[in-house]
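For what it's worth, full-length UniProt numbering labels the leading residue of the sequence shown as 1, then goes sequentially.
Heads up, some of the hints might be wrong.
Keeping only pairs whose Cα atoms sit at most 30 Å apart, straight-line, the calculated DSSO-like set for lysine-lysine is [to be verified]: (1) Lys296 <-> Lys257; (2) Lys141 <-> Lys156; (3) Lys166 <-> Lys505.
Have a look at the derived ranges for each label pair, beta carbon to beta carbon [as the list claims (entries may be wrong)]: (4) Gly527 <-> Thr129: 19 to 29 Å; (5) Asp511 <-> Leu160: 52 to 62 Å; (6) Ser191 <-> Lys257: 31 to 41 Å; (7) Lys426 <-> Ser195: 23 to 33 Å; (8) Lys394 <-> Ser221: 42 to 52 Å; (9) Glu204 <-> Glu503: 20 to 30 Å.
Think of the hints as simulated: they come from the structure by calculation, not from any bench.
Because the structure is a prediction, the values reported are computed rather than measured.
Every residue gets a Cβ at the ideal spot worked out from N, C-alpha and C, and that includes glycine.
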Amino acid sequence: MAVNIKSKDPKNSTRRAALSLIFITLLLLIYCHYMQHALIQLSFCRSLVIIIYLMVKKTKYYFNTFNVIIIERSFYKEDNNLSRFKKNFFTAIKFICAIGVVFVILFACSFFQGWVNVKDDGTLASSKTPKNVLKSKYVPKINSSDMNVSKVSDVKFCFLGKDFSKNPSIYYKAQRYYLPLDKVCSNLGFSFDSSNGIITISKEDFKASINVSSNTLSKISSDSKLRGEVLNEDDTVFLSVSDIENIFDLNADFNFKDKTINFVHNASFQKSDSPKTGRAAFIRLEDFGASPYMQKDTTQKKFKVFADFLGSNNIKFHIAWVPRYKDPENNIDNDLLTNNSIENVGFVNMMDRLILNGGELGLHGYTHQYGSEISFEGTELSKKANASEEETRKVIESGIDTSSALNLPVTFYESPHYKATSKQLKIIEEYFQYLYQPAGIIDFTILRRKGDNLYIPTPLSYVKDLNVKPILRGLNHPLPYQLASLYYHPTKELDFIDVTFTEDKMFYTYDDNAPMKQIIKAIKDNGYVTAHVSDFRN
């Protein structure tokens, strides 16, 4: 909105307008420093230099920064040039002091937030923890039990290089392949027993058991949910590829070109102890979806190494998942509920691996695009995209339905590019207790509780162009009460990982200069304990 400068003294009006611009620019500069937006800081710094330069010149200037018109005037009469300069200088100093007060107020927001710490029981100690558990009223339209079961005839399975496909039927359900457990045990030299709803697998000093009714695996003093299910076909127990990998410490080597899957011994990863209590840190892996790049077997193999690395370091992390990938211009619409392919089975197997190694899934939209846009590039929820209540609910519920059908449980929501309107966010709050994004521009870096909902920001921002220094600086020298939360596009990590397979073994190399390796080291060196957003509970 243009400002008409009306004053008896145009010179004073000009000075006031210019000083106002300095004030606004400094305010935005400091706030963006607080939010750690380096590029915006640079832009405002440049604007500030230009404004000061214009102030001290005695030439006509016309510029539209913030739509204010600066009128040609000489700021200083020659006979009073120095006194005028001093007056303007001290006025600017006053404004800078005012900015300092604002800066302190911004820090106060974090001060009242306090530190977020991990307690002995794994929950988080925070004044922002919701008092009640929010339970969504929405019931998914599709469950994994509703998904069809079919036989697999076009994929060859091997164990340690030996053909396994001559054995009884292999099945497909909900983007997972299922193999007969008794034959797998026999092939690997394990004993198998099933009675009273308990399946027991043992060999020498190894023992694992599966509770069929609860779909739970007990192995080496730890319990976990099966990633697939206990499938009973032809009076035979079948388990998914992911669960077979987990039980027997194997790695399924998918070869999409030849349509073969060979189970090999998994590579060893050095275990690293982590403290159970301490200041909390949060990691979100951004933009996970079954895109053409993520459907490459080489990509998936590297991600499984990445998952094992995080798990071996006891790192809890988050996965911002986009269930359906679309590229309308190239006629690509990869709906995991309808597109049955070995590539998608490999993708879900990779997701299972991430979950088993400490990953917590959340929805990052449904397609992360709108109209003719490409997934990840587009914006799915905004003033223009799916703006009505009905459209917004359809986006949310479609993602939940896919999650339920594929047994990929989600606990948080992140709107694509943080573009959801306040009305859309209000609707999202009905479905999810945790929104892993800022609550708004003003509280961009602080936790905000709204009723039973909690907004979790990422004050440490993200890794841009492999430059991990700003995040390391934030971890090593945190601002007072700043939340150690960041996000990372993990495809960057894959350039630092190499994987090779023999008939019976997997080998890998993982460069220590990889961004996430550096971040994990800083987290450990500074005594942080990684946590899930769902750990904000009483």
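Checked hints:
no.	hint	in the structure
1	Lys296 <-> Lys257	holds (10 Å)
2	Lys141 <-> Lys156	violated (34 Å)
3	Lys166 <-> Lys505	holds (22 Å)
4	Gly527 <-> Thr129: 19 to 29 Å	holds (21 Å)
5	Asp511 <-> Leu160: 52 to 62 Å	violated (29 Å)
6	Ser191 <-> Lys257: 31 to 41 Å	holds (36 Å)
7	Lys426 <-> Ser195: 23 to 33 Å	violated (52 Å)
8	Lys394 <-> Ser221: 42 to 52 Å	holds (44 Å)
9	Glu204 <-> Glu503: 20 to 30 Å	holds (24 Å)
This entry does not satisfy hints 2, 5 and 7, going by the numbered hints stated previously.
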